[in-house]
Amino acid sequence: MKKNLLISLSILMGISAYSQNLDSLLTVARSTKNDSVKIRMYNKIAFGYIFNDTDKALKVLKEGKESAKAAGFNFGLTELVNTHGIYMDVTGKSDSAAYYFEKALMMSRDFGFKNIESMCINNLGMFNWNRGNYNEALDYFFQSLKMDEAQQSEKSTSTSLNNIGLIYQEMNLNEKALEYHKKALKVREKYKLENEQIASHNNIGINLKDLGRIDEAILSYKKGLALAKKLDNRIEYYKILDNLANAYYDKGNKDLALETYLEALKKKENYNGDERGMLSTYNNIATLYNEKSLPKIAKHYAEEGFNLVKKYPEIELVSADLYLTLAESNYMLGNYDQARQQKRTYIKLKDSIFSEKNAQKIADLEVKYETEKKEKEILIQRAELAEQDLVIQKRNYQLYGLALLTLILGLVGFLFYNQQKLKNHQLQKENELKDALIKIETQNKLQEQRLRISRDLHDNIGAQLTFIISSIDNLKYGFDIKDENLTHKLETISDFTSGTIYELRDTIWAMNKSEITFEDLQTRISNYIDKAHLYDANIQFSFNVDSSVDTSKTFTSVEGMNIHRVIQEAIHNSLKYAEASQIKVEVYKEVSNLVFKIYDNGKGFDLASVKRGNGLTNMEKRIANIGGEIQINTKENQGTQIIVIV
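Note that UniProt numbering has the sequence shown beginning at 1, numbered continuously upward.
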């Protein structure tokens, strides 16, 4: 049975979100204040949509690029331009795909983004491959592989290894192709790149089948299908389905093969994948109907395939087998002139693709790459030999210079000291770099975990608290409750639950930020004061920030939350106990410290004799936890002052 005639874009970036989670992730992204985090999320979400809802993918790409331009975030903008190229290639717009890939490549080089540069080079390789330019494609793939190896980016090498394997696959060098595909799968499994694993299982299955190892091929296809179904990757799902039918055919089960091919044509609604990939399916169905002596039906499916060639002229180079299948149908129908012409076209296309000259050029590219690696190894060996010669030379100098032993030992000691100093300095720099990388990775993981936890808090606990309030209201209005104590209890529970919801929202606000600006904190305090004024319109509130305060100051999420909570608690206590007519909040600078002062003109209390509740104790603990100082100044009938110094 003929193998796949066209392999469409297989560049994937590692997002493994289920389609049903993408909408909620998009909502989180839009509400994220940190521009760099938001734009990176847009890129991942758009990539996820490409494979199940291309309309949403394009909308998110445009929204993300606008945000990146507004924020001046060049790294995120370059990523989004590259992903836009992938979108164009997946939806069959090859010329537009090349435009975006080349634009992203130019941007990555201008800004020095090596990892994106490698991806763009690889994508251009895929573009040339899809147009039948195999020499140019393989050259791009080897360039990408060398860049990833030079940067010691093992995770990124999987794409280049996979695509080099695909070129050998096209040359029918299946053992060689299998070697590269297994290397790619090993890397993808190590880094849990599930979407990329689908393509690897598919490619391994193709080569196992061509080597006659049919049962192993079927097992590999089924692994890929299971992953594709799990991740709702429809493009890879239907591609593997077609290849699985090939394997069934080679095993002799033609009925199951035909059933599987026809199933591969039944694309779901909203499936907007590359139509060009269906060329092989039409060819294989036509071949089976020829074998069943049903040439008219076979010719129908072959002509459907040629409709794709007319729609996408660039795939004519890979339509050779379809000409041979149609020639067979015409021979069976007695259309001999048409059959002979189609056979001649088949031979011409095959010769243009796999000429001896092309094969030699491709082999030369690999030799060039392997030679460069060998030269690098030789240089390392020479350096090691030179270091050994230096040690021997030092020993000889010691033997020859016995008369000047003291001087030589002093010189050697000085040289050794300098060398060790340089080594220590280098090790220190390397450790600093490693620590910085670990810190960045940890921050990224913490941010992802914060987003997940905050989403769970909002969707689960927030909904449950709202349900409690609704249930209490239903009890109050649905039943004629005459017991005032019970009514008061229900109102107390409802008010407490409402307060808990506000606190939950504040907690989510703080969790979603790696740092809180003074302006964020100021806005939060103002909002709370506005709500407090609604609680008691007879109280005069004021909030003043002194001009000496540096409004560009930032706090950690813990510092910002604790300061906000203490101010909330102080205002709440004044409302509840002080019987005040004025409540004021002032912020000013005192030496190098920032001071938050909350005071009222209420009845005050005796701090020594008052029964302390959780409120005052919690305020003191919160400020102590962030290394600050809190002062509580109050006397009966003289008001209360809460002073927080950080």
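Calculated directly from the structure, the hints in this document are not laboratory data. Predicted, not measured: the structure shown is a model, and the values here were computed from it. Glycine residues also receive a C-beta, built at the ideal position from the N, C-alpha and C atoms. Treat the hints loosely; a few may be bogus.
Stated by the list, open to error - DEER-style ranges, computed between Cβ atoms:
#1 E441 to K33: 51 to 59 angstroms
#2 K434 to Q522: 37 to 45 angstroms
#3 E519 to N618: 51 to 59 angstroms
#4 R395 to E102: 52 to 60 angstroms
#5 K33 to N618: 47 to 55 angstroms
#6 N625 to E216: 21 to 29 angstroms
Claimed, not checked - List of simulated lysine-lysine pairs, DSS-like, C-alpha gap at most 30 angstroms:
#7 K222 to K155
#8 K146 to K93
#9 K56 to K114
#10 K266 to K155
#11 K56 to K254
These are the hints, each one checked on the structure:
Between E441 and K33 the beta carbons are some 22 angstroms apart, a value that contradicts the proposed interval 51 to 59 angstroms. Take K434 and Q522: their Cβ atoms lie about 39 angstroms apart, and the range 37 to 45 angstroms holds. Remark: the range hint 51 to 59 angstroms for E519 to N618 is contradicted by a beta-carbon distance near 26 angstroms. Under the hint 52 to 60 angstroms, the C-beta atoms of R395 and E102, about 58 angstroms apart, fit the expected range.
For K33 paired with N618, a C-beta distance near 27 angstroms fails the hint of 47 to 55 angstroms. For the hinted restraint 21 to 29 angstroms between N625 and E216, the CB-CB distance of approximately 60 angstroms leaves it violated. A threshold of 30 angstroms between alpha carbons decides the hint, and for K222 with K155 the separation of about 25 angstroms falls inside it, so the pair holds. Between K146 and K93, the direct Cα distance comes to roughly 29 angstroms. Compliance with the 30 angstroms bound is thereby established for this hinted pair.
A distance of roughly 29 angstroms separates the Cα atoms of K56 and K114; the hinted pair therefore holds under the 30 angstroms criterion. A threshold of 30 angstroms between alpha carbons decides the hint, and for K266 with K155 the separation of about 35 angstroms lies outside it, so the pair is violated. Proximity of K56 to K254 is assessed by CA-CA distance (about 39 angstroms); at most 30 angstroms being required, the pair is judged violated.
Consistency note: the structure conflicts with the earlier hints numbered 1, 3, 5, 6, 10, 11.
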